[in-house]
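**Student:** Below, each chain spelled out in residue letters.
There are 2 protein chains.
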Amino acid sequence: MGDGRATRRRGRPGYDRERLLAVAVTVFNERGYDGTSMDDLARRLGISKSAIYHHVTGKDELLQLAVDRALDGLFAAAEEAAAAPGRAIDRLEHLVRASVAVLVERLPFVTLLLRVRGNTAVEKRALARRREFDRLVSGLVAQAEAEGDIRPDIDPAITARLLFGLVNSLVEWYRPRGRAGGAQLADAISKVAFDGLRNPRATGG
Amino acid sequence: MGDGRATRRRGRPGYDRERLLAVAVTVFNERGYDGTSMDDLARRLGISKSAIYHHVTGKDELLQLAVDRALDGLFAAAEEAAAAPGRAIDRLEHLVRASVAVLVERLPFVTLLLRVRGNTAVEKRALARRREFDRLVSGLVAQAEAEGDIRPDIDPAITARLLFGLVNSLVEWYRPRGRAGGAQLADAISKVAFDGLRNPRATGG
Chain A
78 MGDGRATRRR GRPGYDRERL LAVAVTVFNE RGYDGTSMDD LARRLGISKS AIYHHVTGKD
138 ELLQLAVDRA LDGLFAAAEE AAAAPGRAID RLEHLVRASV AVLVERLPFV TLLLRVRGNT
198 AVEKRALARR REFDRLVSGL VAQAEAEGDI RPDIDPAITA RLLFGLVNSL VEWYRPRGRA
258 GGAQLADAIS KVAFDGLRNP RATGG
Chain B
78 MGDGRATRRR GRPGYDRERL LAVAVTVFNE RGYDGTSMDD LARRLGISKS AIYHHVTGKD
138 ELLQLAVDRA LDGLFAAAEE AAAAPGRAID RLEHLVRASV AVLVERLPFV TLLLRVRGNT
198 AVEKRALARR REFDRLVSGL VAQAEAEGDI RPDIDPAITA RLLFGLVNSL VEWYRPRGRA
258 GGAQLADAIS KVAFDGLRNP RATGG
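First to last, the sequence lines map onto chains A and B. Note that our numbering numbers the first sequence so that position 193 is 270, with each residue one more than the last. Note that our numbering numbers the second sequence so that position 172 is 249, with each residue one more than the last.
One thing to keep in mind: the hints can contain errors.
Given that identical chains are not distinguished, each listed pair holds provided it fits within a single copy or across any two copies.
Distance condition first, Cα-Cα at most 20 Å in a straight line; then the derived EDC-like pairs of lysine to aspartate or glutamate [claimed, not checked]:
id, residue 1, residue 2
1, Lys-126, Asp-145
2, Lys-201, Glu-249
3, Lys-136, Asp-111
4, Lys-126, Glu-138
5, Lys-126, Asp-111
6, Lys-201, Asp-149
7, Lys-136, Glu-182
8, Lys-136, Glu-95
9, Lys-268, Glu-209
10, Lys-268, Glu-138
11, Lys-126, Glu-156
12, Lys-201, Glu-182
13, Lys-268, Glu-222
To be clear, the hints were calculated from the coordinates, so they are not data collected in a lab. Values in this document were obtained by computation on a predicted structure and should not be read as measured data.
Work out the full structure, taking the sequences as your base and the hints as a guide.
**Tutor:** Structure representation (structure tokens):
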């Protein structure tokens, strides 16, 4: 997707916009966005600051590209889930699985998104999109509860937060190890979230 | 506990070691530990750097005090759980509830702990203590699985991570609102973790 622009704004050979973004996101995740200067990025990339400015207008644009990569994935998952057939709880499970897939495929971008604290306009916009996503999740939870499929003894807002707290906690420890990882993880999270850890065949304590 | 030292190393009136620590942790959480200088702390506290050095040897000691506040609480919870009667799954549930209580009571300290990335000796020690805590959790999960009380179709290491991923995700959104919050939250998390979101009385989709 970034190819057209990379051609228009060509920098030093060896970096296109996409590779620049990948390195920038790694550095932001290591040092924090606020703690990273354009000098830090230039040093890590081994190019000059002006070479970076051939590709992007600045740090802000890199952050914008990165968080949109994460958010676009999550919203695509939400749209897919909304269009899925069946009861709300099935659409919610679909969304959880699709979100895990987005986290696994776009891990550095989602990690950065989840650390955004909201000091700049780009960060505020990212937080607003996150809240919009949270509202979609809460809506599905409320609908599933109305349909009698989700336990009624927990506040739906807390339920929605715990559900995506569980999904998002992946970024703290998941590290890619081959293709099987994502599907296995989506399965584990879906089982824990919807059915719990307790062995359904246990005799009880 | 800090009173003895606060008396020994008295700073400017209005700040004892405990209040200094509270403000420092707030600033670390806002700006990141790496992104906070002693100058930033002095500015926020409205005192000179040398007044801070009356209380602590530097930024490192403040971080050490803060993460130990979190870790000591979590290890006390783990010891309490280990000594509790009953099956491993009951001790695990006890640990989850007690850990939620620690998170709620010591929220800024645990938030800081969970963001530690390991660049300095203090951070490396904190990460080592976190790994030790994770091993205690994994041990309980493995024991509960051996006793047949935890579902055998998810890897115990993943199960342990998801369980505390769920607990730790609290720091992302929980904000204290009165005393009832903690117990209600511990209850919600325990229900979701052990029994899942699905309504046990639902007819199915």
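**Student:** Which numbered hints does this structure break?
**Tutor:** The structure breaks hints 1, 7, 9, 10, 11 and 12; every other hint is satisfied.
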